[in-house]
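Read off the chains here:
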Amino acid sequence: KNEVEQSPQNLTAQEGEFITINCSYSVGISALHWLQQHPGGGIVSLFMLSSGKKKHGRLIATINIQEKHSSLHITASHPRDSAVYICAVIRSGSARQLTFGSGTQLTVLP
Amino acid sequence: ETGVTQTPRHLVMGMTNKKSLKCEQHLGHNAMYWYKQSAKKPLELMFVYSLEERVENNSVPSRFSPECPNSSHLFLHLHTLQPEDSALYLCASSQGPGRGAGELFFGEGSRLTVL
Numbered sequence: 033k034n035e036v037e038q039s040p041q042n043l044t045a046q047e048g049e050f051i052t053i054n055c056s057y058s059v060g061i062s063a064l065h066w067l068q069q070h071p072g073g074g075i076v077s078l079f080m081l082s083s084g085k086k087k088h089g090r091l092i093a094t095i096n097i098q099e100k101h102s103s104l105h106i107t108a109s110h111p112r113d114s115a116v117y118i119c120a121v122i123r124s125g126s127a128r129q130l131t132f133g134s135g136t137q138l139t140v141l142p
Numbered sequence: 428e429t430g431v432t433q434t435p436r437h438l439v440m441g442m443t444n445k446k447s448l449k450c451e452q453h454l455g456h457n458a459m460y461w462y463k464q465s466a467k468k469p470l471e472l473m474f475v476y477s478l479e480e481r482v483e484n485n486s487v488p489s490r491f492s493p494e495c496p497n498s499s500h501l502f503l504h505l506h507t508l509q510p511e512d513s514a515l516y517l518c519a520s521s522q523g524p525g526r527g528a529g530e531l532f533f534g535e536g537s538r539l540t541v542l
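Residue numbers (this note's numbering), protein chains in the order written: chain A, 33 to 142; chain B, 428 to 542.
So that you can see chain B by itself, here it is in the shape it has in the complex:
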């Protein structure tokens, strides 16, 4: 148990479906992240939510939309996805700035398959 919980762990959806990935952190951190890991590629930052900033990777298509209702919860809403969006989606959290800042705690990931 890393303190970061992702649901669902596995998701299969069609291209016309709408689904959401959920992430919850129990560590009191003030920043949360979505990362995408495709086969044979490095991890790619999608979104960052923190007190200081919201960062969006400009290469992420609009069919992915994040929502961060509070510092403990982060969602990734999915709609009209493409097969190439099939990947492992990882949520992470961190604390900062200050002491202990920067160390990342990851969830177990949500394995998404788009048919």
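Extracted from the complex, chain A is given alone in its bound form:
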């Protein structure tokens, strides 16, 4: 079993729908990243959070440290949101080393 599990693996939505991607982890962490990878391969960091909730535009990320769970929400989804969304954790005591989930492939249809 991977230390970082994401669900679902694949998600297809209609434009405008509210989307939730989940991430569960089994190790102690100091922070969690949500990343976005487009088909060309480049990766963009969306959020880094260690508690609570962060919001940027239509994206919202939450984390519950006690439950070892984080969610990424996209409101009013758009076809340009289609990408792979990756959850990654920084293990406690390791300032630099990330452990990655397998990613969630999101496709938003017009």
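By construction, these hints were calculated from the structure, which means they are not laboratory data. Treat the hints with care, as some may be off.
[What the hints assert, rightly or not] Which residues of chain B face chain A? A few of them, derived with a C-beta cut under 7 Å, are:
1. Gly441
2. Ala458
3. Leu515
4. Glu530
5. Leu531
6. Phe533
[Said to hold, decoys possible] Chain B residues, not near chain A, derived (Cβ > 12 Å throughout):
7. Met440
8. Gln464
9. Glu471
10. Glu494
[Claimed, not checked] If you want a taste of the chain A side facing chain B, the calculated C-beta under 8 Å gives, among others:
11. His65
12. Gly72
13. Ile122
14. Gly125
For every residue, glycine included, the Cβ atom is placed at its ideal position computed from N, Cα and C.
We have chain A already, so just place chain B on it with the hints.
Coordinates of chain B only, in the frame set by chain A:
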């Protein structure tokens, strides 16, 4: 433009070739990373270079050798690779410790194909 530039973007090489991937960051960060992304697998850390530490993933074969001549440049030297080494190689940088520490900035990746 993310501030992290990787070259080449695509590389095809034979198993007997020697090549290098280059990464340059213009963000003033003090840590740089190489990650490998194989098809259908999670991203895998290969190497970390920072002021505090150099980290090597023990599972990375010796046919991959990193070089970090300064805080802005990172190389991955490749020699006698195998077809299973074909993957997307991603460079990233970050700043830390302190304020703003930890956020990663990735390059566009170098797509490597080993014939």
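Hint check results:
| no. | hint | verdict |
| --- | --- | --- |
| 1 | Gly441 | 23 Å, violated |
| 2 | Ala458 | 6 Å, holds |
| 3 | Leu515 | 5 Å, holds |
| 4 | Glu530 | 5 Å, holds |
| 5 | Leu531 | 5 Å, holds |
| 6 | Phe533 | 4 Å, holds |
| 7 | Met440 | 18 Å, holds |
| 8 | Gln464 | 8 Å, violated |
| 9 | Glu471 | 8 Å, violated |
| 10 | Glu494 | 18 Å, holds |
| 11 | His65 | 7 Å, holds |
| 12 | Gly72 | 7 Å, holds |
| 13 | Ile122 | 7 Å, holds |
| 14 | Gly125 | 12 Å, violated |
Violation of the numbered hints given earlier is confined to hints 1, 8, 9, 14; the remaining hints are satisfied by the structure.
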